[in-house]
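Starting from the structure of chain A, add chains B, C and D where the hints point.
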Amino acid sequence: MQEAVSTYVRDGLSVAIEGFTAFICFAAGHEIIRQRRKNLTLIRMTPDLVYDQMIAAGVASHLVFSYLGNPGVGSLHCVRRAVEKQIPIPLTIEEYSHYGMVGRYMAGAMRMPFFPLRSYAGTDMPNANPDIRFVQSPYSDESIAVVPPLNPDVAIIHAQRATKQGDTQLWGLLGVQKEAAFAASKVIVVAEEIVEDSVIRADPNRTLIPGLIVDAVVHEPYGAHPSYVQGYYDRDNAFYLMWNEVSRDRAKTETWLDEWVYNVPDRSAYLEKLGSETLDDLKPGDAPSSSVNYGTYA
Amino acid sequence: MQEAVSTYVRDGLSVAIEGFTAFICFAAGHEIIRQRRKNLTLIRMTPDLVYDQMIAAGVASHLVFSYLGNPGVGSLHCVRRAVEKQIPIPLTIEEYSHYGMVGRYMAGAMRMPFFPLRSYAGTDMPNANPDIRFVQSPYSDESIAVVPPLNPDVAIIHAQRATKQGDTQLWGLLGVQKEAAFAASKVIVVAEEIVEDSVIRADPNRTLIPGLIVDAVVHEPYGAHPSYVQGYYDRDNAFYLMWNEVSRDRAKTETWLDEWVYNVPDRSAYLEKLGSETLDDLKPGDAPSSSVNYGTYA
Amino acid sequence: MTDYSASEMMIVAAARALKNVRTVFVGVGLPNIACNLARYTVAPDLQLIYESGVYGAQPARLPLSIGDPTLVTGATSVVPMADLFGLYLQRGLVDVALLGGAQIDRFGNLNTTVIGDYDTPKTRLPGSGGACEIAINARKVYMIMRLSNRSFVEKLDFLTSPGHLSGGDSRAKQSYPGEGPALVISDMAIFDFDNADHEMQLTSLHPGVTLQEVQASVGWNLRVSAEILETPVPSPEEMNLVRVELDPQGMYR
Amino acid sequence: MTDYSASEMMIVAAARALKNVRTVFVGVGLPNIACNLARYTVAPDLQLIYESGVYGAQPARLPLSIGDPTLVTGATSVVPMADLFGLYLQRGLVDVALLGGAQIDRFGNLNTTVIGDYDTPKTRLPGSGGACEIAINARKVYMIMRLSNRSFVEKLDFLTSPGHLSGGDSRAKQSYPGEGPALVISDMAIFDFDNADHEMQLTSLHPGVTLQEVQASVGWNLRVSAEILETPVPSPEEMNLVRVELDPQGMYR
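Residue numbers (this note's numbering), protein chains in the order written: chain A, 1 to 298; chain B, 1001 to 1298; chain C, 2001 to 2253; chain D, 3001 to 3253.
Next comes chain A alone, as it looks inside the complex (with noise of 0.2 Å):
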C-alpha cells in the first residue's frame, strides 16, 4: 500500500475512493494521510468517513460529491467545519445527486461527451453547479439534464479477491465501483484475498474488473475497515457512533488522527491496534452461493 501510494497518488491529482457504504478503503485513506498529500481533489458519492478523515487531515482542496453524511449516524463534522469555517483548510465543493455521479462515472468510463439523465430540472441544483446543462433531443422537442465525463487520475477500489494481475472480483453492494475504475486513468484494487487466476476463470460472470486497467494489487485484509466486505466482516458501527463524537471536536479528531493514523506505520499495526477481538466480533455467520455449472466445451 505504502508503495501504491507513493507511485500513483501525488499532490494536486484527483482520487475517487468508491464503494457505497461497503468496501470503502480507510487503508489507503489513511496512507494517504500518512504521506502528507497535498491538495487533492477527492472524488466519492458519499465521503462518508474516510473522507472525513482525510479532509480533517488538511489532504484535500476540492471534493466532489453527492451526499455527505455518516450513513444511518448523522453529519461529517469534518467536512462541514472546512466548508464552514475552511478549517483546518478551505475546501470547495462540487455537487451532483447519486445518479449525476454516477453518470458522470459512465461518461467517463464509456468515454463519452454527456451523460443525460432525468434529474434536476426545476430545482436549484444545476445553480449551484454550472456543469449541469440540458440537451435538447433530436427526436422530440424535450430537453433532458446531462453531466459531464469524470475521469479520475486514480481510482482505488476494495474487493474481495484479485488476482496478482488485478483480475478483480466483487459481490453484494456493487456501487459504482466497476464504472469509477474504467473512468480512472490509474487504479489501484486493494483486495482481501489473492488468488490464483484459476478462481477468478471459474466464475466469469463475477469479474467486475480486469487486470487490463489496473496498475496495482494490493493484499490488505480487513483494509475497508471500519465499513464491511460482504461475506468477510460487518460493519464496525460502534466506531461510527465513536466518530460523531470525536470528530465533533477539532482536538479530539487530532488526537484521533495522530493515534490511529500517524503513529501507526501501516494497517497490520492498526490491526493489532484494533485487536483480534473488535474484528472477530465482526465476523458474519455463512450464506453460501450456489455453483453454477459453465460447462466444459473441448
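Errors might be hidden in some of the hints.
To be verified - Calculated pairs, PhoX-like style, for lysine-lysine (alpha carbon to alpha carbon, straight line, at most 20 Å):
#1 D/Lys3140 <-> D/Lys3173
#2 C/Lys2122 <-> C/Lys2155
#3 D/Lys3122 <-> B/Lys1085
#4 B/Lys1283 <-> B/Lys1252
#5 A/Lys164 <-> A/Lys186
#6 C/Lys2122 <-> A/Lys85
Unchecked claim - A partial selection of chain C residues facing chain B, derived with a Cβ cut-off under 7 Å:
#7 Tyr2055
#8 Ala2060
#9 Arg2061
#10 Pro2069
#11 Thr2070
#12 Thr2073
#13 Gly2074
#14 Thr2076
#15 Val2078
#16 Gly2086
#17 Gln2090
#18 Arg2091
Unchecked claim - Derived CB-CB ranges, DEER-like:
#19 C/Arg2253 <-> A/Pro88: 57 to 63 Å
#20 A/Asn127 <-> B/Ser1140: 20 to 26 Å
#21 B/Ala1238 <-> D/Trp3220: 39 to 45 Å
#22 D/Pro3248 <-> B/Ala1251: 32 to 38 Å
#23 D/Gln3058 <-> A/Ile89: 50 to 56 Å
#24 B/Gly1285 <-> D/Pro3232: 37 to 43 Å
#25 C/Asn2221 <-> A/Asn127: 26 to 32 Å
None of these hints come from the bench; they were simulated from the model. For glycine and all other residues, C-beta sits at the position ideal for the given N, C-alpha and C.
Chains B, C and D only, in chain A's frame:
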C-alpha cells in the same frame, strides 16, 4: 408457451427474442409460427436462424437488426429472399450497428430520450437510416451520434433458471437480455429450470431480471435448441449447417417448416422427434463455479 | 388503550399508507421501519428497493444504513447503482418513494442541501443523494417529517428535490415521469395535495392534536381539507411489531 | 520446404502482425485462427476480446462462432454487450481489431452492407454488426481479406465502416478515437497505409506472387512502397500449429 404466446404476442406487435448466439428461444419462435401471427415487427441484434424461419413463415413485415447472418456459417437465405425478392411477403428493414442496437435497448430500458455513442460519423449508415442522428455536446464543440430508444411490445428471454414469479438468473454470454427485458412492455421468460425463491436469493448478484417486470414464465427445457445454453447444452452445429442448405431453397424450407413446426404440437413433441441421442451428444462436461459467501447478518 | 409515542404514531401512519403498494424506495431510519411494518401488516407483497442497489430485500435485522450487508444477503437482486437508478427508478418501477428533508414548503418541494446561502452556508446539509431524481421519477412521493416551523417553511433556502414546484400546473409543465408528492406524514398530522393548486392540506389529525397546534408548527397559512379526520390510534398488533420486532432498542421512539 | 496454402500464408502473416500486441478484438473464422496462432507464437500474453462480451478467452476448441460457449468457460471476464462496447471498445482498450468485408477501397473503408443499391439490393450482406464502431474506436485496424477485384474496388457500394475516408486528413477531421486501418493482409500480399495520403500501398509479396498478379486483383491503380519485401514463408512450427492444433479439419486451408 402456447398460452404465453397467444396472450402477449398479438398480430402487429413488435417482438424481441434476444440472446446473442446463445439462449435463442426457438421454442417461442416456433410457437409464434404455429399460431400464424401476422405483421409482426421483429427486433433482434442478430436475426439468426430463428428469425430466418419466422420470416420464411411470413409472420413479419418489418425487421430491426444489426447483423444478418448464420453465425460462423454464412447467409440467412430466407431473410435475403424477403429483402431481395419479397418472398414470401415484403419485408422492410431498419438497421443499426451492434452498439447502436445495444444503445437503443439501453435508452428504452432507462427511459432516456436518446443514447449517445461514438459511431456512424462519416459512413453511409445515417443515410440508410434517418433515425441515426447527431447531437452537439454542451461541454465542447464535439458532435456525437445518437440513436432513439427502443421499447418492444414484447421481449422473450431464455434463461437457465427462474422462479415462478419470474426472478431470473443467467450465466454465460449476457448479450442484451437485461436491457431488452427492461425496455419491453411485456416480458416472457422461458427457463430451462423453475427453481425455488431460495435458489435465487442465495446469489442475488446473479439475478439479471426481477419478476417485477415479468408477465409470463414458461418452463421449456431445451427451448433454445439448436442454439445453446451455457452449462446445459452445446450448439447443434449440424443443424446450423443443415439449415444453410435447406434455407437456400424455398420449397425445402416450407417442407422443413411443415415437418418441424406446423406438424409438431409443442416443444416436447419437437424434442421427441429430435431424439434423445442428439440431445445427449450436446451435453457439456462439468465446469462448476466456486461458491462465494454472502454472510449472515442478523 | 395502547401506549405509543408521536414518532411511533408517525411510523404506523406511514406503514398504513403503503397498503397495496407493490414497490417502495426506502430511505434509512423512519422510512425503513415503516416499510418493514407495512410488510408485516397491510402490504405483505411489498418489495423493498434501496438506492444502494438492492431489490427485494429481506433484512434479518433492522438495517443500520441503506447499505447494510443484511439487505444484500437473501435479496432477490443486487445490482450496480447505474442499474438501480437507470433500470428501476428512471424506468418507472418505483410506485412510492419515502423521502424526508430539512425543509419542506407548501408544494412539497424539499431542501436537503443548505441552510443559509449556498456559498457561505450557515449549516451545510448532506445534499441530494438520490432525492432529486427520486422526487422526479418515482410514481408517487410520501414525505415523513416531524412537524416544526423550522422545517415547514414559507420559502426554502435551496430547492433540492422538486415537489409540485410553484403549484398548479407548474410540475406538469416539466413533464417529469412521476406525479410528485401525494402525502406528508408527520408526528402530529397527515397532509395530502388533492386540490387543483397541489398545495399541502391537512386531512387527518393524530389523536389529541389540535388544528391550532399544527398551524403553529407550519410557516405558512395552512390549507385544511373540507373534512378533517382523526388518525386511528396504533393497534396493539402494530405497536407490538414496532417495539418487539422492529425497534427493540427504542431508537425511533 | 514447408507445404502451405495461400489462405494459410494469410493466417500466418496476420498472426505475425500481432507481435507485442496486448489486446485484440477478434472476429470469427480467419481472424480467430490468426489470433490463436499469435498466442502460441509471437504474442503469448495476447488477450482475446470478442464482441459477444468475452475478455481474456482461452478457448478449448476452435470456436464455431464468436458466441461459442467454449469462449465463456475459463475466460477472465464475461460481461453484457453494453459493457463490452462501452467500457472496452469505446473506452479505448482495444489495441488492434481484425476486420474483413465484402468490399474495401484504397483508403481502407469497408462495405459489409449491400451490393448494388441499398433499397433494391443485388445482394444483401450481413450489415455492420460491431464493425462500424470497431473501425472508429479500436486503436488500429488490420484487415484480413482475400485479394480479388470484386472485393478491392475503386468505389464502395456502401460505406459501412470508416477507414481513412477520402484519405489525407479526412479521418483526422472526424476526431475518431482510433487511428484507423494500419495493415491489409491478403492471400497474395501485405499492404500498409504509411503515407501522407493514408492510401493502401503494397509492402510485401507472398512467395511466388508477382506485382502484376496483385495489380490485376485490385480495382484501382495500386500504390507500391519504395521497397517491396517478400513475406517469409510459414515456418514448420507455424504450419504444425495451424494444421494440428488450430485447424485439424482443414476448414481454412
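Results of checking the hints against the structure:
Taking the CA atoms of D/Lys3140 and D/Lys3173, the gap is about 17 Å. The hint holds against a cut of 20 Å. For the proposed pair C/Lys2122 and C/Lys2155, the alpha carbon gap of about 16 Å is at most 20 Å, so the pair holds. Straight-line distance between C-alpha atoms of D/Lys3122 and B/Lys1085 comes to about 10 Å, which keeps the hinted pair within the 20 Å bound. Of the pairs offered as hints, the one joining B/Lys1283 and B/Lys1252 is violated, with about 29 Å between alpha carbons and a cut-off of 20 Å exceeded.
The straight-line distance between the Cα atoms of A/Lys164 and A/Lys186 is roughly 16 Å, inside the 20 Å bound, and the hint therefore holds. The hinted pair formed by C/Lys2122 and A/Lys85 meets the criterion: a straight-line CA distance of about 10 Å does not exceed 20 Å. The beta carbon of C/Tyr2055 is positioned within 7 Å of a beta carbon in chain B (closest approach about 5 Å), and the interface hint is therefore held. Of the supplied interface hints, the one on C/Ala2060 holds, with its beta-carbon coming within about 4 Å of a beta-carbon of chain B, less than 7 Å.
A least Cβ separation of about 5 Å between C/Arg2061 and chain B falls short of the 7 Å threshold, and the interface hint therefore holds. Below 7 Å, beta-carbon pairs count as interface contacts, and C/Pro2069 has one with chain B at about 5 Å; its hint therefore holds. Restraint check, C/Thr2070 versus chain B: the minimum CB separation of about 4 Å is within 7 Å; hint holds. Taking 7 Å as the C-beta cut-off, the interface hint given for C/Thr2073 holds, the closest approach to chain B being about 5 Å.
Taking 7 Å as the C-beta cut-off, the interface hint given for C/Gly2074 holds, the closest approach to chain B being about 5 Å. Contact between C/Thr2076 and chain B, as hinted, is supported at the beta carbon level, the nearest pair being about 5 Å apart and thus within 7 Å. Restraint check, C/Val2078 versus chain B: the minimum CB separation of about 4 Å is within 7 Å; hint holds. At its closest, the beta carbon of C/Gly2086 sits 4 Å from a beta carbon of chain B; the interface hint therefore holds under the 7 Å criterion.
The criterion of a C-beta within 7 Å of any C-beta in chain B is met by C/Gln2090, whose closest approach is roughly 5 Å, and the hint holds. Contact between C/Arg2091 and chain B, as hinted, is supported at the beta carbon level, the nearest pair being about 6 Å apart and thus within 7 Å. The hinted window of 57 to 63 Å between C/Arg2253 and A/Pro88 is violated, with their beta carbons roughly 38 Å apart. Our hint of 20 to 26 Å for A/Asn127 and B/Ser1140 holds, since their Cβ atoms are close to 22 Å apart.
B/Ala1238 and D/Trp3220 have their C-beta atoms about 43 Å apart, which keeps the hinted 39 to 45 Å range intact. In this structure the hint that D/Pro3248 and B/Ala1251 lie 32 to 38 Å apart at CB holds, the actual value being about 36 Å. Checked against the given bound of 50 to 56 Å, the beta carbons of D/Gln3058 and A/Ile89, roughly 51 Å apart, stay inside it. Distance hint check for B/Gly1285 and D/Pro3232: the Cβ-Cβ separation is about 40 Å, which falls inside the suggested range of 37 to 43 Å.
Take C/Asn2221 and A/Asn127: their Cβ atoms lie about 28 Å apart, and the range 26 to 32 Å holds.
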